[in-house]
Amino acid sequence: MRNVTTRLTTWWRAAALALVASVFWGVSMQPAQAEYGDVIINNYSDAAGMRPAVFPHWYHRIRFRCKVCHADLGFKFKAGGNKITMAKIIDGKFCGACHNGEIAWSVENCGLCHSGKPGMPTQIHGSTVQRLVAPTYKPADKK
Amino acid sequence: MNKTIRKIAVAAGFAAAVVLPLSGMAAEVPVSSAEVTGSTPAQLKVSNANVFNRLLKKEKDPNAAPWEDGIHDPENEATHALQPPKVAYEGWPRTPFGNHVDWVKALNDGLINPRYDRVDPTVEPLVMDLDIVRPVRASVPDVVFPHKPHTQWLHCSNCHPKIFIPQKGANQINMSAILLGKKCGVCHGKVAFPITTKSCKKCHSKPKPADWKPPLSEASVKNPWR
Numbered sequence: 008m009r010n011v012t013t014r015l016t017t018w019w020r021a022a023a024l025a026l027v028a029s030v031f032w033g034v035s036m037q038p039a040q041a042e043y044g045d046v047i048i049n050n051y052s053d054a055a056g057m058r059p060a061v062f063p064h065w066y067h068r069i070r071f072r073c074k075v076c077h078a079d080l081g082f083k084f085k086a087g088g089n090k091i092t093m094a095k096i097i098d099g100k101f102c103g104a105c106h107n108g109e110i111a112w113s114v115e116n117c118g119l120c121h122s123g124k125p126g127m128p129t130q131i132h133g134s135t136v137q138r139l140v141a142p143t144y145k146p147a148d149k150k
Numbered sequence: 003m004n005k006t007i008r009k010i011a012v013a014a015g016f017a018a019a020v021v022l023p024l025s026g027m028a029a030e031v032p033v034s035s036a037e038v039t040g041s042t043p044a045q046l047k048v049s050n051a052n053v054f055n056r057l058l059k060k061e062k063d064p065n066a067a068p069w070e071d072g073i074h075d076p077e078n079e080a081t082h083a084l085q086p087p088k089v090a091y092e093g094w095p096r097t098p099f100g101n102h103v104d105w106v107k108a109l110n111d112g113l114i115n116p117r118y119d120r121v122d123p124t125v126e127p128l129v130m131d132l133d134i135v136r137p138v139r140a141s142v143p144d145v146v147f148p149h150k151p152h153t154q155w156l157h158c159s160n161c162h163p164k165i166f167i168p169q170k171g172a173n174q175i176n177m178s179a180i181l182l183g184k185k186c187g188v189c190h191g192k193v194a195f196p197i198t199t200k201s202c203k204k205c206h207s208k209p210k211p212a213d214w215k216p217p218l219s220e221a222s223v224k225n226p227w228r
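Residue numbers (my numbering), protein chains in the order written: chain A, 8 to 150; chain Z, 3 to 228.
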């Protein structure tokens, strides 16, 4: 009888552990598989109570050559290095050069850019530096 | 012993049952040996611990839609209005790295026509067709830097003179710097095709001269016992 009880307890302990682990993993440890080159910009978003902005490089690359933003508009080759604010965008700088309702949709579509998961740090998704030097998420089996 | 195995089996079964509907990622579940060989489990008694590619990263969906890509918030309504990359890449030349798309080929094949000017779609890029050969001290093939595909996308001022001094022999480049995001790594490894073992030959493309021999190390040259 005692043996059976011990076994049951072990069973439940294992089950509970598995449940907790899988829930944790499902919620927080799901490895990101976003598009290569997607930039998450969270310089000021979290502090302002907005979702971080996600910039899809691939989408813009289909429509513009690198030169347009990185030479003409003055975007630096560094994630988060441009200190973009909504005030600058409304002034027609950075994203606002096109996202003004004439070339591309205007800034009232908040959620189209501010669509990242809250709390994510500024980074280029899938970059070599991210993979080799500063992985932003841990593999599921490490926690 | 028996108990331990049962415990593990129960834990694994439970984890699979809970994780699968939560994340919808079947690729994360270890593949049984039976699935690898294509035979039924009844005929094989190979343990799950002895599968192939145990420590390799599991294949992920290379072009996941924004709402299932792990960085976009699916609870944000506008996330579902964003275009999934797969839709845009339909029928394009593929590569096994980066966006899994050959951007230069897509451009040259006329599958895309990105603007060179913010407003005027008729402005033509200032293309320069000049290959720079960089001999490499190591035994890998020498590097050929083609200006053509770079100037199709970029302007001279993007690289010169801040990243690369436009002068022969003035630029020290090595793979560690590139992997850390310097020199070529300012773009390659972030947006332009990344440095993987599948992409070495894109740059290291010129075979060594027939009479080339690996240089002897200083330690070998100075070795008094040689």
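Just so you know, these hints were derived from the structure itself, not from any lab. Glycine included, C-beta positions come from ideal geometry on N, C-alpha and C. Some hints here could point you the wrong way.
[As the list claims (entries may be wrong)] In silico negatives: residues of chain Z with every beta carbon more than 12 Å from chain A:
(1) Leu84
(2) Val145
(3) Trp214
[Stated by the list, open to error] Result set (PhoX-like, lysine-lysine): computed pairs, CA atoms no more than 20 Å apart in a straight line:
(4) Z:Lys47 with Z:Lys88
(5) A:Lys83 with Z:Lys185
(6) Z:Lys203 with Z:Lys150
(7) Z:Lys164 with A:Lys85
(8) A:Lys83 with Z:Lys203
(9) A:Lys85 with Z:Lys184
(10) Z:Lys150 with Z:Lys107
(11) Z:Lys88 with A:Lys85
**Prompt:** Looking back at the hints listed earlier, which ones does the structure fail to meet?
**Reply:** 1, 4, 8 and 11
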